[in-house]
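All chains, full assembly: derive it from the sequences and hints.
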Amino acid sequence: QVQLQQPGAELVKPGTSVKLSCKASGYNFTSYWINWVKLRPGQGLEWIGDIYPGSGSTNYNEKFKSKATLTVDTSSSTAYMQLSSLASEDSALYYCARRKDAMDYWGQGTSVTVSS
Amino acid sequence: ETTVTQSPASLSVATGEKVTIRCITSTDIDDDMNWYQQKPGEPPKLLISEGNTLRPGVPSRFSSSGYGTDFVFTIENTLSEDVADYYCLQSDNMPYTFGGGTKLEIK
Chain Z
5 QVQLQQPGAE LVKPGTSVKL SCKASGYNFT SYWINWVKLR PGQGLEWIGD
55 IYPGSGSTNY NEKFKSKATL TVDTSSSTAY MQLSSLASED SALYYCARRK
105 DAMDYWGQGT SVTVSS
Chain F
546 ETTVTQSPAS LSVATGEKVT IRCITSTDID DDMNWYQQKP GEPPKLLISE
596 GNTLRPGVPS RFSSSGYGTD FVFTIENTLS EDVADYYCLQ SDNMPYTFGG
646 GTKLEIK
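Taken in order, these protein sequences are the chains called Z and F.
Using the numbering used here, you'd call the opening residue of the first sequence number 5 and step up by one each time.
Using the numbering used here, you'd call the opening residue of the second sequence number 546 and step up by one each time.
Be a bit skeptical, because a hint or two may be false.
[As the list claims (entries may be wrong)] To be clear about the criterion: a stretch of chain F counts as covered by chain Z if any three or more of its residues have a C-beta under 8 Å from a C-beta of chain Z, and this derived list gives those stretches:
id, region
1, 584-591
2, 594-600
3, 632-645
[What the hints assert, rightly or not] Restraint-style ranges between C-beta atoms, simulated for each label pair:
id, chain 1, residue 1, chain 2, residue 2, range
4, Z, PRO18, F, LYS590, 28 to 36 Å
5, F, THR560, Z, SER79, 43 to 51 Å
6, Z, PRO45, F, ILE651, 19 to 27 Å
7, Z, PRO18, F, SER557, 34 to 42 Å
8, Z, SER89, F, ARG567, 35 to 43 Å
9, Z, PRO45, F, ASP575, 31 to 39 Å
10, Z, SER25, F, THR598, 29 to 37 Å
11, F, LYS652, Z, ASP77, 43 to 51 Å
12, Z, VAL6, F, THR598, 12 to 20 Å
13, F, ASP573, Z, GLN7, 34 to 42 Å
Think of the hints as simulated: they come from the structure by calculation, not from any bench.
C-beta atoms are modelled at their ideal positions from N, C-alpha and C, and glycine is treated no differently.
Written out as C-alpha cells, the structure reads:
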C-alpha cells in the first residue's frame, strides 16, 4: 500500500536550519511529484512547492523560495525539504503528498517547533 | 496567483441535513478544483479531484460541481462521522492555493 512516512516532530532553534524527510513506499517513487504543504493553526494550508524525483525538477511558491529547498534521494525513495533561517512563523505542521492527477496520498506530517 | 475564497468558515448541521460549501477563485481555473476532508490529528484526505471526480472509496453522498470561478461542494445526508475541516484546492496554476477551510460540526 502507498505510504509516505514522516518523522513526528522536530524542535529547532531560531536562526538554524532543519531538513525534513518523507520516505515513500508502495509505488514507483520516480513517477509522481512530491508536494510539500504547510499548516499553521488559524492560517490554513499553504503549498510550498514540489519536486519530480524522476528528474529532480522543482517548482516553488514564490513565498517560500528563499525558505525551502527540495531534494530527493531516489536510492532510498526519500524526499527532503530543508528549511533555513528558522523563525517563529516557521513553527507549523509540514506535510508531504504525492501527486500525479491529484495530491492523493499524504504523510502524517512533521510538527516543527522553533524555540530557543 | 489565484486567490481562493471559501465560505462559510464554519457551519453546524443536524445529521441527515445537506451541507453546501462554496469556493470562488480570482481567476478562471476550468474545473481544476479539488476537495479535501481533514479530521483532527490526520492529514487531509482527498475526496474529489479535478473534473468533479469522486475518488475511489469515497461515499457518493459527497459531490461537487462548478467550472470557471465558482465551485460548490455538497454533502447529502450528513453523518456524525463527517465532522471535520473541509478545504478546496485549485490545481490549475502555480502556486497551488487552498481555500481558508470550513469547519463542519454536528448539532
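Now the hints, each set against the structure:
1. 584-591: It holds, with 5 qualifying residues against the three required.
2. 594-600: Contact hint for the region 594-600 of chain F vs chain Z: holds, 3 residues under 8 Å.
3. 632-645: holds (count 10)
4. Z:PRO18 with F:LYS590: 28 to 36 Å: At roughly 34 Å between Cβ atoms, LYS590 of chain F and PRO18 of chain Z fall inside 28 to 36 Å, so the hint holds.
5. F:THR560 with Z:SER79: 43 to 51 Å: holds (50 Å)
6. Z:PRO45 with F:ILE651: 19 to 27 Å: About 22 Å separates the Cβ atoms of PRO45 of chain Z and ILE651 of chain F, which means 19 to 27 Å holds.
7. Z:PRO18 with F:SER557: 34 to 42 Å: Distance hint for PRO18 of chain Z, SER557 of chain F holds at roughly 40 Å.
8. Z:SER89 with F:ARG567: 35 to 43 Å: holds (38 Å)
9. Z:PRO45 with F:ASP575: 31 to 39 Å: holds (32 Å)
10. Z:SER25 with F:THR598: 29 to 37 Å: The hinted range 29 to 37 Å holds for SER25 of chain Z and THR598 of chain F, with Cβ atoms some 31 Å apart.
11. F:LYS652 with Z:ASP77: 43 to 51 Å: holds (49 Å)
12. Z:VAL6 with F:THR598: 12 to 20 Å: Cβ of VAL6 of chain Z to Cβ of THR598 of chain F: about 18 Å, so the range 12 to 20 Å holds.
13. F:ASP573 with Z:GLN7: 34 to 42 Å: Cβ of ASP573 of chain F to Cβ of GLN7 of chain Z: about 36 Å, so the range 34 to 42 Å holds.
Violation of the numbered hints given earlier is absent; every hint is satisfied by the structure.
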